[in-house]
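*Asks:* Line by line, the protein sequences give chains A and B. With the working numbering, letter number 105 in the first sequence gets 105, and the count goes up by one each step, no holes. With the working numbering, letter number 10 in the second sequence gets 196, and the count goes up by one each step, no holes.
If you are wondering where the hints come from, they were derived from the structure by calculation, not from laboratory data. We put the CB at the ideal spot given by N, CA and C, even for glycine. Be careful, since some hints might not be right.
[Unchecked claim] Simulated restraints, written as ranges between beta carbons of each label pair:
no., chain 1, residue 1, chain 2, residue 2, range
1, B, 403, A, 130, 29 to 39 Å
2, B, 316, A, 5, 41 to 51 Å
3, B, 316, A, 9, 38 to 48 Å
4, B, 385, A, 143, 31 to 41 Å
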Amino acid sequence: MNGLLRRLDGLATDLAPFIVSLVLIMFSTMPVNVSSIGPVAPNLGLIAVFYWTIYRPDLMPAIAVLPLGLWQDLMNAGPIGLNALTLLIVYGVILFQRVFFRGKTFLIVWWAFGLVAAFASLVFWLAVMAWHLRYVDPAPLAFQFALTLAVFPFLYWVLSLIQRAIARRAQPGFPRVGDASGPRGP
Amino acid sequence: MKYRPASIIRLAVPSGTLSQRIVLTTLILAAFGIVVLGKAETVLFERLRAGVVDFVAPVMNVMARPAATVADAIEGINELGRLREENAKLRAQNERLLHWQAAGLKLSGENDRLRALLRFAPEAEADIVTARVVGDSGGVFVRSIVVVAGARDGVAKGQAAMTGDGLVGRVVSVGGRSARVLLITDLNSRIPVVFEESRERAILAGDNTAAPKLSFLRHGARVNTGDRIVTSGHGGVLPAGLPIGIVSNVAGEEIHVRPFAALDRLEFVRVIAHREATVGSLGGAPPGGMKR
């Protein structure tokens, strides 16, 4: 492989977490028509940002989180910017606390994600009420929180497969700031 | 950027560097700025959003099919068990409907004669566009759907979206090949309605629950559970007489309406083109056939 191709390959690998997050956010707006679940979909974007911020923060910088949040805002129909704002605030919390998550068992990471997701729901709820200047029933948000927590193990597993694929592609002689301590499978 | 390795002592201690904090704070302020800008400058963002949805709609369309297939399969298995019962019910209903058909034909004929007598300006047939629903849940606090039919299919802002059962919502933004429909249950949905029997007017206001509320009802108006609600056509946005739902719950001032359309599992909707009236308030689309 010559230098240019290798650099392109490296770029594609580096962009993988961002692109995976974009696609997951798009998935969040797909119709889930099996009734009784209702129109609420899990917040897959939050899971993706959480995962990459903990295990590959070098590939999920703050500057990537803003477009992800705006993407979520544009895909959805709510007020523009609220998802971006929430995602950035939550990102800050994860980033500055991430040493706590590293190398922990899956159950602890799951539990910690629960706290983060609850915090994200609270921030988003307050932001929506501040925007509309009226009380909004938080029930759908609580439902989304539960749903997000429920799909977390599966998505964690999928993302860890992607992370391993990224790590494999990072060949020796191709310098990259990496995170040697990979996640433990669920 | 080099990250310092984790150690047990640094447990739960903020680990960001100063530059990371500055970048993050700047970005949070930028996001806040976008929120403020979005509140003031809705047109620009609405256009941007329509463009984005337009761009991803084909992808979503492809992905929606397997999801719909799985849902259909589950539904199919459920239905198999109820087949006999369903059949008996349908026979009974069929008999009832035949009776109504006879009554309807008689009334229709009578109506035609009376209209001729009065020289009543008839409502023209509407243009109808059938569209597949490819995305719903516009967010936790938004009730909206994305359909694959846009400006080039004749869909325009303000048009009504229906299922065979009743009104679903109205089109709020349109791209070239996709459009977003705000459901009647959404927080921002306000539909002028009228009681089919008593002709009392009201506004149907969504509150993000499955059963939107009636407001601005005349004080002392008689309301009963089971009353049918239809669009009134006031404001000229929606055509008059589209079925919406029935009053499901009356608790003092709080009147809730249960929509006829199954808003939680929409697969296809019909968008009804309704151009501004030319004949007083009776308007309708100019005579035209049905589009696909």
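*Asks:* Take the hints in turn and mark each one as holding or not.
*Replies:* Right, here's what the structure says about each hint:
no. : hint                        : verdict
1   : 403(B) x 130(A): 29 to 39 Å : holds (31 Å)
2   : 316(B) x 5(A): 41 to 51 Å   : holds (48 Å)
3   : 316(B) x 9(A): 38 to 48 Å   : holds (45 Å)
4   : 385(B) x 143(A): 31 to 41 Å : holds (39 Å)
Violation of the numbered hints given earlier is absent; every hint is satisfied by the structure.
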